[in-house]
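Peer 1: These are the residues of each chain, in order.
Number of protein chains: 2
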Amino acid sequence: MSLTTTYTVSGMTCGHCVGAVTEELQNLDGVSEVTIDLVAGGDSPVRVTSESELDREAVRAAVDEAGYQLVPAR
Amino acid sequence: MSLTTTYTVSGMTCGHCVGAVTEELQNLDGVSEVTIDLVAGGDSPVRVTSESELDREAVRAAVDEAGYQLVPAR
Chain A
1 MSLTTTYTVS GMTCGHCVGA VTEELQNLDG VSEVTIDLVA GGDSPVRVTS ESELDREAVR
61 AAVDEAGYQL VPAR
Chain B
1 MSLTTTYTVS GMTCGHCVGA VTEELQNLDG VSEVTIDLVA GGDSPVRVTS ESELDREAVR
61 AAVDEAGYQL VPAR
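Order-wise, the sequence lines are chains A and B. Start counting the first sequence at 1; every next residue gets the next number (the working numbering). Start counting the second sequence at 1; every next residue gets the next number (the working numbering).
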């Protein structure tokens, strides 16, 4: 089974930022794919494919570790 | 002897970009220090300290390699 969830991350400005966030999210258990549509300096959609539902706090911590902010779900 | 020259580089948007340009310039022979004042998305001054005068084409190639553009001197 695989599940794709879309998160929103703010503060990324370039491909290096995208790479940093991708790397941190790929380190989470069960994550198989990360796709980011960069909106430079704005809110970028981040799609994460995983084997099972991810803990939102773990996702937030990974994004923080990369140096960016997870935008609260509306 | 050491000489400090200021170049202008465009296209950098974040600290990762600064790191990439710094790394490429530090690889040039004789370069001892690189200091960049990031102007995100604009023209950033890049100060390079070296033992002797650098070849501008070598500097341009290093900046290109990092993925950015050396702005022509006015």
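For the record, the hints were derived by calculation from the structure and aren't laboratory data. Computed from a prediction, not measured in an experiment: that's the story for all the values here. Just so you know, even glycine gets a beta-carbon here, dropped at the ideal spot from N, CA and C. Be aware that a few hints might be false.
To be verified - Cβ-Cβ distance ranges computed for the label pairs, FRET-style:
#, chain 1, residue 1, chain 2, residue 2, range
1, B, E57, A, L28, 41 to 47 Å
2, B, Q69, A, G67, 40 to 46 Å
3, A, E23, B, E53, 35 to 41 Å
4, A, G19, B, V71, 51 to 57 Å
5, A, G19, B, E57, 25 to 31 Å
6, B, G41, A, D64, 42 to 48 Å
7, B, G41, A, T35, 47 to 53 Å
8, B, N27, A, A40, 26 to 32 Å
9, B, V39, A, A73, 32 to 38 Å
10, B, E53, A, S32, 19 to 25 Å
11, A, G67, B, P72, 28 to 34 Å
Peer 1: What are the numbers of the hints the structure violates, in ascending order?
Peer 2: 2, 4, 6, 7, 10
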